[in-house]
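Visitor: Given the sequences, and given the hints that come with them, work out the whole structure.
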Amino acid sequence: MKFTLSWLKDHLETDATLDVIVERLTMLGLEVEGVEDRAKELAAFRIAHVVSAEKHPNADKLRVCMVDVGDGKDPVQVVCGAPNARTGLRGVFAPPGTHVPGTGVDLKVGTIRGVESRGMLCSERELKLSDEHNGIIELPDHAPVGASYADWLGLNDPVIDISLTPDRADCAGVRGIARDLAAAGLGTLKPLAADPVPGGFPSPIGVTIEAPDACRMFVGRTIRGVRNGPSPRWLQDRLLAIGLRPISALVDITNLLTFDNARPLHVFDADKVRGGIVARFAREGETLKALNGKDYTLDPAVLVIADHERAESIAGIVGGEATGCTEGTVNVFLEAALLDPTLIARTGRRLGIESDARYRNERGIDPAAVIEGAERATRLILDLCGGEASELVVAGAEPDWRRSLTLRLDRCATLGGVPVPAEEQERILTALGCTLAPQEHGTLSVVPPSWRADIHGEADLVEEVLRVKGFDAIPATPLPRLTAMTKPALTLKQRRTGTAKRLLAARGMSEAVTWSFLAPGVAEAFGGGGEALRLVNPISADLTVMRPSVLPNLIQAAGRNADRGYPDVALFEVGPAFRDPSPTGQDQVAAGVRAGRAVPRHWAEKTRAVDVYDAKADALGLLEALGAPTANLQVSTDAPAWYHPGRSGCLRLGPTVMGRFGEIHPAILETLKVEGPMVAFELFVDAVPLPKKKGGTARPLLQLSPFQPIERDFAFLVDAGIEVDRLVRAAKGADKVLVKDIRVFDVYTGDRVEAGRKSVAISVTIQPTDRTLTEDDIDSLGQRLIAAVAKATGATLRS
Amino acid sequence: MLDALKTELLTQVTAAADLEALEELRVAALGKKGRITGLMKELGGLSPDERRERGAALNRLKDEIAAALDGRKAELAKAHLARRLEAERLDVTLPVRPETEGRIHPISQTIDELTAIFAEMGFTVAEGPDIEDDFHNFTALNFPPGHPARDMHDTFYLPDAGEKKMLLRTHTSPVQVRTMLSAKPPIRIIAPGRTYRSDYDMTHTPMFHQVEGLVIDEATNMGHLKGCLVEFCRAFFDVDDLPLRFRPSFFPFTEPSAEVDIGCSRKGGELKLGNYGDWLEILGCGMVHPNVLEACGVDSTRYQGFAFGMGIERIAMLKYGIPDLRTFFEADLRWLKHYGFVPLDVPSLARGLVG
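As they're listed, the protein sequences go chains F and W.
Numbering that gives the first Met the number 0 numbers the first residue of the first sequence as 0 and each following residue consecutively.
Numbering that gives the first Met the number 0 numbers the first residue of the second sequence as 0 and each following residue consecutively.
These are computed hints drawn from the structure, not numbers from a lab.
By construction, the Cβ of each residue, glycine as well, lies at the ideal position given by its N, Cα and C atoms.
Be careful, since some hints might not be right.
Which bits of chain W does chain F cover? Going by a derived footprint, with three or more residues having C-beta under 8 Å, they are [claimed, not checked]:
id: 1; segment: 191-200
id: 2; segment: 319-327
Not everything, but these chain W residues come out facing chain F in the computed CB check (under 10 Å) [unchecked claim]:
id: 3; residue: T6
id: 4; residue: A27
id: 5; residue: G30
id: 6; residue: G33
id: 7; residue: T36
id: 8; residue: E98
id: 9; residue: G101
id: 10; residue: I106
id: 11; residue: S107
id: 12; residue: M120
id: 13; residue: D129
id: 14; residue: I130
id: 15; residue: P185
id: 16; residue: R187
id: 17; residue: L243
Guide: In structure tokens form, the structure reads like this:
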């Protein structure tokens with residue numbers, strides 16, 4: 000919402016400076032986005048007189064001008080290239096040091112082809128006044144030399160731009176803004192001249208409302224015998240200042256009132272209206288060529304203002320071309336309507352039309368000022384265009400907008416945090432237009448004004464009082480402590496998410512945060528892409544489907560890093576993956592990828608690429624840190640299709656899959672256009688069981704054996720297809736008490752074992768519990784272990 | 000005669016070149032068949048007096064030789080160790096074996112920081128789903144259907160689920176609704192999380208993070224809201240005298256509503272936070288609207304409180320001088336290394352919040 004300072008002062012009697020007004024507006028909740036003060040910006044540009052202009056000695060197209068800048072001193076020498084630079088011209092001069100807004104350059108004393116130039120004669124473009132740059136500005140002979148050009152032009156009226164919140168319908172007009180400032184003590188609100196125009200004849204055009212819920216009230220009037228043409232300078236300037244294009248007096252008047260008191264109006268060329276005016280819903284397929292030059296096909300959800308033949312405007316949003324006023328308009332029909340804001344908002348959004356009328360109609364028009372708006376417009380039309388006004392045509396009626404609210408006078412203190420004396424509350428609410436009646440002790444009965452449909456309850460009234468008083472008056476009170484000691488803010492589940500992140504970072508991976516949505520093709524490759532998770536209105540094709548897995552984003556990120564010259568990547572993300580749109584269809588997943596080399600080239604280390612065991616280590620390390628019972632974990636080889644089928648696994652606790660790991664399937668890498676190998680893991684954080692609470696924080700008593708552990712090595716020959724885990728489990732199962740730990744220290748296939756077999760060497764830690772073991776005991780355990788392994792896997796001891 | 004032997008043996012001990020030679024000498028002198036041992040054996044044939052005298056002399060000789068042997072042995076051992084150490088010399092300027100250290104993303108770090116601060120004020124962390132329905136995201140928050148305020152949110156929609164209009168939450172405020180529907184006052188929660196709006200340019204990304212705050216009880220007023228946010232901003236930005244400015248604003252779910260600016264300076268194109276006279280908007284807040292309380296089954300005649308919401312990337316950018324929002328989501332290792340945090344840098348008020 001833009002307006003000029005002088006416009007504001009039409010409504011507000013004030014001595015306040017621009018800076019004070021701007022500061023107060025912001026603190027009233029009318030946030031000032033910007034102030035454009037052209038006079039200040041163009042202060043250095045002065046009206047000057049070219050005393051002489053002669054051809055430059057060294058250039059055909061340049062002229063050396065002697066310029067009287069009106070400072071009583073000798074003329075200044077300026078080299079000018081404009082074709083219209085000539086003796087006697089009055090133009091606009093900028094001295095050295097001036098910032099030229101149109102070029103962004105600060106002027107300096109220069110020498111052009113050997114001739115000194117001490118300033119510049121300017122074009123309109125250089126002053127950012129227009130795009131005109133064919134020559135320098137030419138002013139009439141009466142333009143006063145030495146005066147500020149901006150002042151002379153009438154640009155000394157600062158333009159204030161406020162960002163209006165959607166609740167403040169009233170401040171979509173200058174008058175509403177003035178009223179707020181007056182309430183805040185920055186002056187007095189001038190009365191609005193109530194000057195109804197008596198009708199001289201019945202309006203030949205009548206009005207019917209066929210959609211009474213959508214169009215509550217319609218006030219019309221015919222004015223005959225008008226002369227439409229360019230509006231007067233003051234009106235054009237006012238519209239130009241706020242960025243509107245003057246069109247003709249009739250249209251400019253409606254635009255003026257739209258901004259003056261948030262009262263959009265429409266003028267029809269009465270001679271083009273067939274029959275009467277009807278407010279009705281459009282017919283299916285009805286078309287309208289609007290004043291914005293576009294064609295619209297309408298449907299019965301759109302409210303139109305029609306004549307007896309066809310729709311003539313989209314109600315409250317944009318007028319139609321067919322009945323628009325032109326220079327030739329002689330008879331005009333004026334419209335001031337009261338429309339359903341929700342309907343206007345919906346229609347405007349659906350048709351994609353932004354207009355000053357829609358902006359105000361969807362916020363809500365003052366229901367008590369429909370006739371007043373029509374009268375003010377009539378007065379202006381008669382003043383500027385002449386003519387004779389008919390009687391008003393009123394269809395529908397002013398709705399009952401009065402509602403009585405109760406304000407407890409202590410609510411400013413108990414809700415707002417600052418006590419406000421009763422008289423001050425009354426003064427503020429009255430200044431805002433409320434009607435007050437004291438009720439029982441300590442309360443006020445408040446009827447908000449017709450233009451404040453946003454005030455519904457006591458909290459709104461408290462806001463009004465505090466807003467005008469100033470939020471600065473509210474003291475900052477510390478929140479009282481609930482407990483003397485700070486309690487944990489996180490649940491165990493939430494804490495584990497944090498633990499997961501820091502554990503993975505400690506393992507050398509960097510945390511990424513990536514989009515929750517991705518391309519449909521990618522989603523499908525990772526088991527997702529269903530309709531229910533596909534955005535109806537995606538912002539781009541790559542960000543369309545809620546991700547079924549965190550991995551694709553990480554894989555692509557690894558690829559991007561490789562493309563930038565960083566191929567050794569370790570990235571993780573802890574975030575959502577989506578199964579379905581329900582509140583329980585979202586899993587918290589910790590996922591990571593490693594790509595490139597696990598060990599880079601180094602003088603002391605053997606370089607190697609990442610492999611599946613790196614990913615498995617990440618997953619297991621994470622599970623351990625999250626408190627999963629890792630001793631009971633099983634690895635199954637049924638990881639989903641995006642993993643390499645022979646180099647991947649699932650980590651299970653009984654039937655529950657807690658996570659999976661493996662090399663990424665080469666076909667997936669190809670789909671995502673990244674180089675492999677790449678390994679990854681995914682872990683469902685919430686699938687990891689929470690530790691069972693057994694009362695208290697004490698751990699089970701530590702039982703240390705007084706007997707030394709013993710290590711024995713065994714090497715087995717086994718079919719190459721047998722998983723080592725089976726062998727290890729069998730060995731462990733040979734004596735659950737004595738066998739404490741098993742390490743696999745060698746796995747060999749090759750020349751020294753027969754084809755199809757492998758050698759697996761394990762180191763078994765035996766922990767005696769109640770006595771030192773004899774050699775016989777150990778031998779016997781060894782025999783049992785060998786037998787158990789043989790039974791489970793068909794392995795034989797390697798001799 | 001013993002003197003000659005002593006001189007001879009001592010000369011040999013001194014001359015012994017290594018531990019082996021020294022050991023041979025020891026055996027030759029003091030071993031079972033050694034020369035001094037041999038002389039000892041001969042003592043039996045002497046008279047008691049002679050035996051006593053010669054025995055004492057031999058013992059002295061034996062002790063002296065043994066001491067000399069030990070001394071020489073220590074010398075040789077020392078020399079030996081010195082040679083070994085010299086031989087074991089390594090170039091310690093060589094680089095160590097490669098270790099990689101990961102980084103925590105600034106968003107996670109910022110969430111941990113603000114959690115630490117709000118925990119101190121008695122808040123707990125609440126969560127809700129990213130995919131919401133129209134009721135939780137709008138209707139319960141007093142956005143009437145068709146209200147222009149809904150337009151301001153650039154909502155991403157999903158296909159309707161039966162009667163429910165499904166969408167990606169445009170703010171973390173639906174967690175307020177879920178919390179009030181499931182818990183009884185007094186309530187003090189913060190809800191950090193992902194939020195989504197259909198907007199993508201220099202300063203907007205279609206996904207970003209917010210933190211919501213909600214306090215509901217019988218007495219909390221706007222002064223407490225101010226106090227809470229002043230404490231938070233000063234602690235978070237580590238500026239003790241950081242000024243805050245509360246400006247009236249509008250949100251459907253709060254009344255009165257305010258936007259909050261913090262003090263800053265933009266001199267020379269550089270942003271600095273503090274009491275410098277200029278202002279920077281950082282968050283929106285207000286007293287929870289009675290309609291919201293009622294929609295969530297909370298008696299608005301008895302309970303009241305405040306809510307606030309702020310952008311996590313925004314406050315992270317301000318605090319850590321990160322210039323471009325879009326880079327947060329690019330997973331560029333160089334960026335993560337530079338703007339990320341080491342994993343052991345766990346924020347707490349006890350150790351301080353600045354990395």
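Visitor: Taking the hints in turn, state whether each one holds.
Guide: Results for each hint:
no.: 1; hint: 191-200; verdict: holds (count 5)
no.: 2; hint: 319-327; verdict: violated (count 1)
no.: 3; hint: T6; verdict: 54 Å, violated
no.: 4; hint: A27; verdict: 43 Å, violated
no.: 5; hint: G30; verdict: 38 Å, violated
no.: 6; hint: G33; verdict: 42 Å, violated
no.: 7; hint: T36; verdict: 42 Å, violated
no.: 8; hint: E98; verdict: 7 Å, holds
no.: 9; hint: G101; verdict: 4 Å, holds
no.: 10; hint: I106; verdict: 5 Å, holds
no.: 11; hint: S107; verdict: 6 Å, holds
no.: 12; hint: M120; verdict: 5 Å, holds
no.: 13; hint: D129; verdict: 6 Å, holds
no.: 14; hint: I130; verdict: 5 Å, holds
no.: 15; hint: P185; verdict: 7 Å, holds
no.: 16; hint: R187; verdict: 7 Å, holds
no.: 17; hint: L243; verdict: 8 Å, holds
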